[in-house]
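A.B. asks: Sequence:
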Amino acid sequence: MIERILKYANKKALPENYFFSPEWIVLGINNTCNLHCKMCDVGTQNLETTFAKNLTGTSPLNMPIELFERIADQTQLYYPNAKLGFAFTEPLAYPHIVKAVEYASQKGLYTAITTNALLLPNKAEALANAGLKELFISLDGLEATHNMIRGNEKSFQKAMEGIKKIFEYQNPPKVSIVSAVTEWNSDSLKEFVDYFKDLPLYEIGFMHTQFGEPSVAVNHNKIWGNTYPATESNLDEINLNNMNLPQLLDQIQKVKSEKYPFKVFFSPEIDTLEGLDTYYLKPEVIIGKRCEAVYTSIMLKSDGSAIPAHGRCYNLNVGNIYNDSLKEIWTSTVFGKFRKDLRDSGGFLPACSRCCSAF
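Numbering (UniProt numbering), first residue to last: 1 to 359.
These aren't lab readings, by the way, just hints derived from the structure by calculation. Where is the CB? At the ideal position from N, CA and C, for every residue including glycine.
Distance condition first, Cα-Cα at most 25 angstroms in a straight line; then the derived SDA-like pairs of lysine to any residue:
#, residue 1, residue 2
1, Lys263, Gln157
2, Lys289, Phe348
3, Lys327, Phe20
4, Lys222, Gln210
5, Lys164, Lys263
6, Lys337, Tyr314
7, Lys164, Ala93
8, Lys107, Gln170
9, Lys190, Gln247
10, Lys158, Glu191
11, Lys11, Met1
12, Lys53, Leu235
13, Lys154, Ile238
14, Lys263, Asp250
15, Lys190, Val255
16, Lys197, Ser176
17, Lys190, Tyr202
18, Lys107, Ile65
Here are the in silico distance ranges between beta carbons for each label pair:
#, residue 1, residue 2, range
19, Phe167, Gln106, 21 to 29 angstroms
20, Lys154, Phe265, 24 to 32 angstroms
21, Asp341, Leu47, 23 to 31 angstroms
22, Pro60, Glu3, 32 to 40 angstroms
With the hints as constraints, model all of the structure from the sequences given.
C.D. replies: Written as structure tokens, this is what we have:
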């Protein structure tokens with residue numbers, strides 16, 4: 001309780017000098033993906049957006065294992081309670097993923113992987129034995145829906161094979177499912193959750209569509225374009241006007257009315273038609289209070305460069321692990337100014353409005 005109060009005071013009074021440790025070291029360990037998701041700039045090959053550049057814009061293609069070990073060593077040294085999150089772009093396609101998890105486990109570090117799980121059947125045993133602590137599986141519907149959204153006719157089947165397989169081993173990681181709510185699956189959310197009720201999942205999280213609307217980016221850049229430029233994102237194949245909001249609300253209410261053996265949540269939690277209308281059709285309206293990710297996370301890419309928070313944030317260079325220590329990056333002047341600018345702007349900049357960290 002006392003630490004929470006002190007953190008809050010630090011964020012309000014002196015964000016440019018944040019005294020607390022990160023909770024997540026987010027890793028962009030490779031710059032490639034093996035699926036073609038309709039709600040992702042990488043999947044639609046729109047590689048000029050900030051989001052796509054954060055995920056695929058660095059060289060080498062794969063983070064050298066020596067660089068990962070450097071990051072793990074510094075995490076153990078400076079922030080041993082921080083979690084290493086293998087998140088971008090598709091961690092299971094990283095050739096050193098098992099070795100990296102093993103190395104981190106030997107250092108006593110907590111590891112988590114976010115994956116589309118296409119390659120999980122072949123990696124499940126090795127990851128379980130390597131000491132992986134947490135696994136987030138991205139699934140966006142049952143077989144036909146998910147495979148259509150992801151552009152692979154076997155992606156759902158492979159993911160389910162991998163999920164069931166990893167539970168066969170001793171000390172499996174916590175397994176959660178993360179699902180992006182889109183126009184293609186908003187009519188079947190309850191059916192989706194019901195499908196998994198007999199699996200020992202930790203939780204299922206529904207993420208409302210995350211996007212950067214073009215006019216919001218334009219207005220943002222009128223103010224912040226020279227410092228924190230923004231682009232539209234993740235709308236190439238999505239038409240927000242196609243979202244049947246009354247139907248979506250009905251599905252949310254049905255999911256919320258049921259009891260499941262695992263936690264089910266929505267981000268953000270919206271329980272009115274007016275709220276859904278604001279979220280999807282009025283993206284200039286800020287919903288959350290402030291970005292918490294800049295106080296909990298930092299992302300390191302395959303070339304050692306660091307950006308605030310994670311892949312959806314601004315492509316702001318806050319240091320490079322080849323030249324700066326992890327502690328120097330986390331407490332850098334550039335990162336501190338960004339936190340202060342967010343505070344002074346009410347908690348967010350305009351283009352932050354539909355980022356996953358805005359809620």
